[in-house]
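Enquirer: So the chains spell out like this:
Number of protein chains: 4
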Amino acid sequence: MPTNVTKSHMAVAQNASGRSLNVPIYTIDSGIAGPNVYIQSSIHGSEVQGNVVIYHLIQALKQYPIYGSVTLVPNCNPVGTNIKAGEYTLGRFDPVNGTNWNRGYYYDEEDVINFADQVQATDTIEHIKTKFKAHTLEKIKAKSSRPWGLGLAQQLNLKLQAMASQADIVLDLHNGPVSSRHIYIPEFLAHQADKFSMPHVILIPNHFAGALDEASFCSWWTLQTLLKDRFGNDYDFNVEAYTLEMGSQEVIDFADGQQDAHTILAYLHAKGVIDQTQYQPEKMKRVGVYLSDYKTLFTDFGGMVEYVAKPGESLKQGDTLAKVLNIDDLDNEHGTHTISAPCDLIPILHFPSASVLSGTQLYKCFTNYFTITD
Amino acid sequence: MPTNVTKSHMAVAQNASGRSLNVPIYTIDSGIAGPNVYIQSSIHGSEVQGNVVIYHLIQALKQYPIYGSVTLVPNCNPVGTNIKAGEYTLGRFDPVNGTNWNRGYYYDEEDVINFADQVQATDTIEHIKTKFKAHTLEKIKAKSSRPWGLGLAQQLNLKLQAMASQADIVLDLHNGPVSSRHIYIPEFLAHQADKFSMPHVILIPNHFAGALDEASFCSWWTLQTLLKDRFGNDYDFNVEAYTLEMGSQEVIDFADGQQDAHTILAYLHAKGVIDQTQYQPEKMKRVGVYLSDYKTLFTDFGGMVEYVAKPGESLKQGDTLAKVLNIDDLDNEHGTHTISAPCDLIPILHFPSASVLSGTQLYKCFTNYFTITD
Amino acid sequence: MPTNVTKSHMAVAQNASGRSLNVPIYTIDSGIAGPNVYIQSSIHGSEVQGNVVIYHLIQALKQYPIYGSVTLVPNCNPVGTNIKAGEYTLGRFDPVNGTNWNRGYYYDEEDVINFADQVQATDTIEHIKTKFKAHTLEKIKAKSSRPWGLGLAQQLNLKLQAMASQADIVLDLHNGPVSSRHIYIPEFLAHQADKFSMPHVILIPNHFAGALDEASFCSWWTLQTLLKDRFGNDYDFNVEAYTLEMGSQEVIDFADGQQDAHTILAYLHAKGVIDQTQYQPEKMKRVGVYLSDYKTLFTDFGGMVEYVAKPGESLKQGDTLAKVLNIDDLDNEHGTHTISAPCDLIPILHFPSASVLSGTQLYKCFTNYFTITD
Amino acid sequence: MPTNVTKSHMAVAQNASGRSLNVPIYTIDSGIAGPNVYIQSSIHGSEVQGNVVIYHLIQALKQYPIYGSVTLVPNCNPVGTNIKAGEYTLGRFDPVNGTNWNRGYYYDEEDVINFADQVQATDTIEHIKTKFKAHTLEKIKAKSSRPWGLGLAQQLNLKLQAMASQADIVLDLHNGPVSSRHIYIPEFLAHQADKFSMPHVILIPNHFAGALDEASFCSWWTLQTLLKDRFGNDYDFNVEAYTLEMGSQEVIDFADGQQDAHTILAYLHAKGVIDQTQYQPEKMKRVGVYLSDYKTLFTDFGGMVEYVAKPGESLKQGDTLAKVLNIDDLDNEHGTHTISAPCDLIPILHFPSASVLSGTQLYKCFTNYFTITD
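Sequence order for the protein chains is A, B, C and D.
The opening residue of the first sequence carries number 2 in the numbering used here; numbering runs sequentially from there.
The opening residue of the second sequence carries number 2 in the numbering used here; numbering runs sequentially from there.
The opening residue of the third sequence carries number 2 in the numbering used here; numbering runs sequentially from there.
The opening residue of the fourth sequence carries number 2 in the numbering used here; numbering runs sequentially from there.
One chain only, chain A, in its complex shape:
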C-alpha cells in the first residue's frame, strides 16, 4: 500500500527584490494513528547532505503504510542556501549581522512552569500533551507577531518551529565542517543511542542554547521533571528530538545518503512509524561523551595547517593532531611545528580550510569518552 506524499510551500522570508522565499514541505500520512514526525535539513545553508537523506526517506516511506505522519522540510533555509561568498556557501549565519541560523528557536522555562502549574493530577498524559502542544504553538505565534517585529533568523526559526512543536519526533539534519557522523542526544534519552547507526554520541543536558533540538526537548523534559516533582509520577510524553550530523558540509553523496536514510528508517521503525523489519540499526561500536567533555581546540597561532588526525580516529595524548607551516621560517628549524593531542581523544570534526587565524576552532574532540555499544 503506497502512501501519498503531499507537497506544499511556506513563505519564510522576503528578499530585497520583494520576492517570497519558500520552503518545500512534504507530508506523508496514511491516515493511521501514530506519532507525528518532523524532519528538517539545511538550516545551515552549506550543510546539504540532509537534503539527499530526505530524498531517500521520501522514496522509501512512500512505499509503506505510515503509522502517524512524517513531515519533511528539506532546504529549510532558502536565505542561507543561496548566499555565496566565493565558491562556497556562507550558510552558517545571516550575512547581514552574523546571527547563527540555528539559535533563534523559542523556549521559555517560565512558560513551562506556568503551564505545569495548571496541570491537574488527574489529567492524562495524552490530555496534557495535546494542551502543551497547543500552549507552545500559541506562544510561538505570539512571539512571531510582536508589533516591532523580529530578526530574519528568528522569524525563520519560529515558522519552522510552529510545525516542529506539534511533532512527537523532531530530527534536525546537519553537517560538520569536515566531520565524522555523530548525533546529539538529550541525556534523558541516552538509552536511545543504540537505535541510531551513529558511531559518535554527544549527550546533552537540559539546557537551552537556541537550537531546534533543544527547543523541542527542553520543554518536555522540563515539564516531566516539574510534574514528577509535584505529583511523584513519571510522565513519559514520548517526545524525542535529535540533531544528526551527517558528515561534512558542502558535499552531497547519494550512496551515503541512502545509508543515512536507513539509519533514520531504523529509528522510525523502532518508534513504530513504519513496520518494515528490514530497517534495523547496525551492530556497531558506539562511543559517547557528555557535552562538557566535547572540547573545542582553538588555535593560539595563525598559519597553514595539515589536518593529520582524521575525524573518528582514536588518538592517545601526545599523538599528532596537525602540522603547521610557518611561512616566514622555511629556512630554519621553525619551518613547521606540530599540534599534539592534549589528552586521549577522538577528533570528531575539523576546520575546513588549511588557512587559520589565531582563535580558530581547529578540532572538536571527544575526551573522557565511554563505550555505549561494542
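Don't read these hints as lab results, they were simulated from the structure.
Each pair may be met inside one copy or between any two copies, as identical chains are not told apart.
Think about it this way: if two alpha-carbon atoms lie no more than 25 Å apart in a straight line, the pair counts; the simulated DSS-like pairs of lysine-lysine are: (1) Lys160 <-> Lys134; (2) Lys140 <-> Lys296; (3) Lys140 <-> Lys130; (4) Lys63 <-> Lys324; (5) Lys134 <-> Lys272.
Just so we're clear, the structure is a prediction, and the values are computed from it rather than from any experiment.
Given the coordinates of chain A, work out where chains B, C and D should sit on it, guided by the hints.
Expert: Using the frame of chain A, we list chains B, C and D on its own:
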C-alpha cells in the same frame, strides 16, 4: 607643561600568514595622581570615527598636565578593520563564524559575589578598589589561558579588557550604521548625562550582554550593591564606563572629530583628569530613554527603502518613517508603500542600505523618552 | 488617452534551491509608430536609484500617448540585488568568481564587418536596420546556446541584450559609489549632451569593454562607419545608447528620482517618443571630458580617509582632495597627511568607505574638461 | 657543500591599518653560474599547497650546490591569503572589486616589437637576453610608477614580476578547486612535458590573458619569432615559464608536497640547476590537450550536485559526470537528474561546493586529448 605621549604595540591576533596583528597603545601620563582613563575605538571595524577622536584627544591632552593617566587604543581590532566585502568593511563580526566583536568580554557575577564575601567592613574604598582590580585581572588572565584556547573575538576582547579593567574611566567609541550621536549610560550614573554633549542618552540596567562598557561597570555596580546590602554603607568606587556612538560608520570627519573630542575633554575635565576650564559640556537639549524603550523596528517585508525620517528627528505616531518600492508592482497602486511610526518616537539610527530583506533592523528608536536637560 | 502598461517576467537565472530568478518587464505601447526604447536598472545590485526612476517613468508615461514603445526592466539582476555581505549589497560582481555584472554583453566587430559586406548600395536605412537587428539577435541567441554553456553574468547579460538589441534607444541606469550625476555619451552622439539634464558628460570612443551601452552603440557606429567607407554616404540609423549615473549607490530617493525621470522624459520628448512639451532639459552648466581624461586616482597607501573634496566641485591643482589618518603616528607630525589634486580637476565620485588599502580607487576625476553648455 | 638560504621581505601592499604587508623572499645561490629560477606560490590566496612545496624545495636545495640561483616566494599575496568569508579563504579575487589576482601582470606586444627593431643581426643571444631583461624591468617599473597609480592587484603583480622578469625559469604554483595535478606548458615548450611528473598537460598558445606564466613566456616567444622573421635564425633564449596546478585548494599535505617538490627538482635537474641524479621525472602516462580543447562545462540549472566523476578519470560520451538533486521535486520522477559527458573527456577539476547556481563552472575537462607519454 606639555606631557609625554608614550607609544607601544600589543599583538592581539595572528593571521593566516603567521604574522602578528598589533594594536597601537598611546599612554599619556604626567606622573600626577588622578584617575586612570582607558579609551578605545573601532572594536567594530567599520566604526572608524573614534580613531579621529582619539587623534584629536592626543593633540589636546599632550599640551596639558594630566591628573592620572590616559590610555588610548585606536583601531583596537586589526582583524575587523581589514576585512573588506566589496567596498565596505565587514567589521561587525568575525567573518569566519559570525561572532560579534563586542560580545566576548569577561564578567561573572559569581566571581563578584565571592570577592564581596571576602571584603571586611573596615576595608577602605581604595583598598577594596585595588584588590578588586587585581582580582578581575587575575580572572581575565585565567580565562585567557585556558588549555583548549578561546575564539578569536574573545582572545581579542580579553587582551583589551586586561587594560580596561585597571582603569577608573572606560570609554568605548562606536558608530551606528546611519546614526545620530548618542551615548549609553548605566542607570546608576544617570546624573552624569549632562557632562556629555550628546543629545540622546540610553540608560542601561545592570545586565551583562557581553560589551566592554557593561563588562566594566557591571562588576563595580554589583560590588557596590552587594557591599551596601552587607554593610549598609554607600560604596562609591568612582568607576565609570560608557559607550559613545559618534555618528555613522564608514565615515571619518576631522571637524566633527574635534567636536567629539571636546565632548570627551569636557567630561575628563569634570572628572579632574585635566584642569582646562575651556572644556565644558554644551548647553543643549538632551533626551533619555530606558533601554527597554529603545526599540528596534524590524521589517516584515523585503524591498527597497527610502529612509524618510532622519536620525534625531522627533516623529509623531503615524508620521512616515520610510517609503518602500515594490519592484513587481510599479504598474499598480502597490508600487510604493509607507512605513509609519507605530508611536511617538525619535529614530536614532537606520540601516545603511536601501535594499532590505524581511527581518532587517530598519530603525532603532527612542520611545517613551523623556527630557534630561532642556 | 492613458496607455496600457503590460507586465511580464523573464527567468534569467536559477539559484541553488533550483528556483528561477525572474526580472519584471514593463512595456508601454500605444500602437503608434515611433522608436523602441529599452531602459534597465540595477545591473549592479547596489545601484538602486534607477528603480525609483523607472517607477516615476511608468507613472508619467502611462498618462500619455507613446510614439513607439518603452520597455522598462528595473532590478534587472536578481542575483546581484540579493547578495548581502554585511549590511551592504555585494552587487558589483558575481560573488562566486568576481565577474563584473556589466562586462558580458555581446559585440563582435567581425560580425559587423561580415554583415556590412552583405549590404547593397540600394538598401534603405530601414531595411538595413531591420536586418541588422535580426542579425544581432541571431548572434546573441547563438552565443547563449553554446553547448558547453556560459557563465552566470554572461547568461544574464545576453538575456537582457536580446531585448536591448531590438531597441532604437537604450538607457542603462547606474550609480557611482558616492557620486555626482553624470552620463556616458558616445562621441558620435556628443551633440545630444544638451538633451540631458546631467552636469557631467563623459564622451566615449568606439571601443567595446563589455558594457551594455557600448555593446549597443559600437555595432551601429561601426556599421555606419563601414558603410560610409564603402558607399560614401552618411548612414544615420538613429540608434542611441547611454549609461546614466544617477548619484550614489545603496540609496533611493523618491524626490531625486522624479527629477531623474524628468531628465529622461525630456530626452524622450526630444526623440519624439512623447509629445509632452512640459518635459524640457534644464538650462544648466554642463562640462565634458574625453574618456582618456577621466582619471582614476589610486591610493599608494593604506589608512583611513576623509573625502574632503565633494563630487562635482571644481578643484585647482594642489587643492585638498582627501585627508588621511595614520593610526600608528597619532603622537607625531605624521598623524595625518593630505592628498592633493595632481592637476585642475572635478572629482565625480569617490570610494564609499573611509577605510582603504593601497591600490584603492580613491576618486574618479574629470581632467582637461571643457564646457559643453554654460 | 650546503648552500646558504638568504631571506628578505618585500612590502607589496598596505592595509587599512596603514601597515605594510610583506612577502617573504628566499634566495638560494652558491655563486656558481647557471640559470636564475623564480618560483612563487599562492597568488590565489586559497591555493596553498605550493607553500608546502616551496618548504620541501628549500629543505632539499640547501643541501646541494646550486648552478645559478633559485628565488622562492611563498604566500606571495598577503591580501588574498588573509581574506576569510566564512571558514574558507576568498582568495581568487580582490574582495573590493572582483579583480582576479592573477590577471594584472605586464606584457605589451608593441614593446617587444620596438625592442626587436633595435636588435642587430650580430648581437649574441646573451647580449640580447641581458638587454631584454633590462628593457622589460624598466617597462614594469614605469608602469608601477604611473602618476595616478594602479589598482592593488596590479601593484602586487608588478612587484612580483619585477623579480620574475629577471629569471630564466618561472614556476607559478597554483591549485584547482577540487583538482587533479596538471600543468600549463606553452606550445613552443611542448617537448618539455616529459620533464614534469604531471599526468595532465595543457598546451597554451602565444596569447596573453594576464597571468604570470603568459607574461613571462609571451615576451620571449614573441621576441624569438620576430627575430627569426627578421634574421632567419632560431633564437633560443632558454627562458621557460609554467603554471603548475598542485591538486585542490584549501588543503595542504606535506607528503604530497614532497612528491610535488620532487617533480620540480627533477625539472631543475634537467635544466642543470642541480646535479643530483636522484631527481628524475616519473615514467608515467601523460595526456595533453590544446587550450581550445580544455573545456569548461557551465550549468544551465541551479541545484545541489554530487560530483560523480572524479578528477583524472577517463569518461566516455554519455557517462555520468554529476547527479543533481531538485529540492522541489523529491516526490516525483524529477527528484534527481543526471549530467552526462557531452563527449569523451577527462574531468580535470570541478566546483568545490555541492550548491550551484546556473552558470557555474561545474567541470573543466580535457576533450580531444592525446597521449604524450605512455
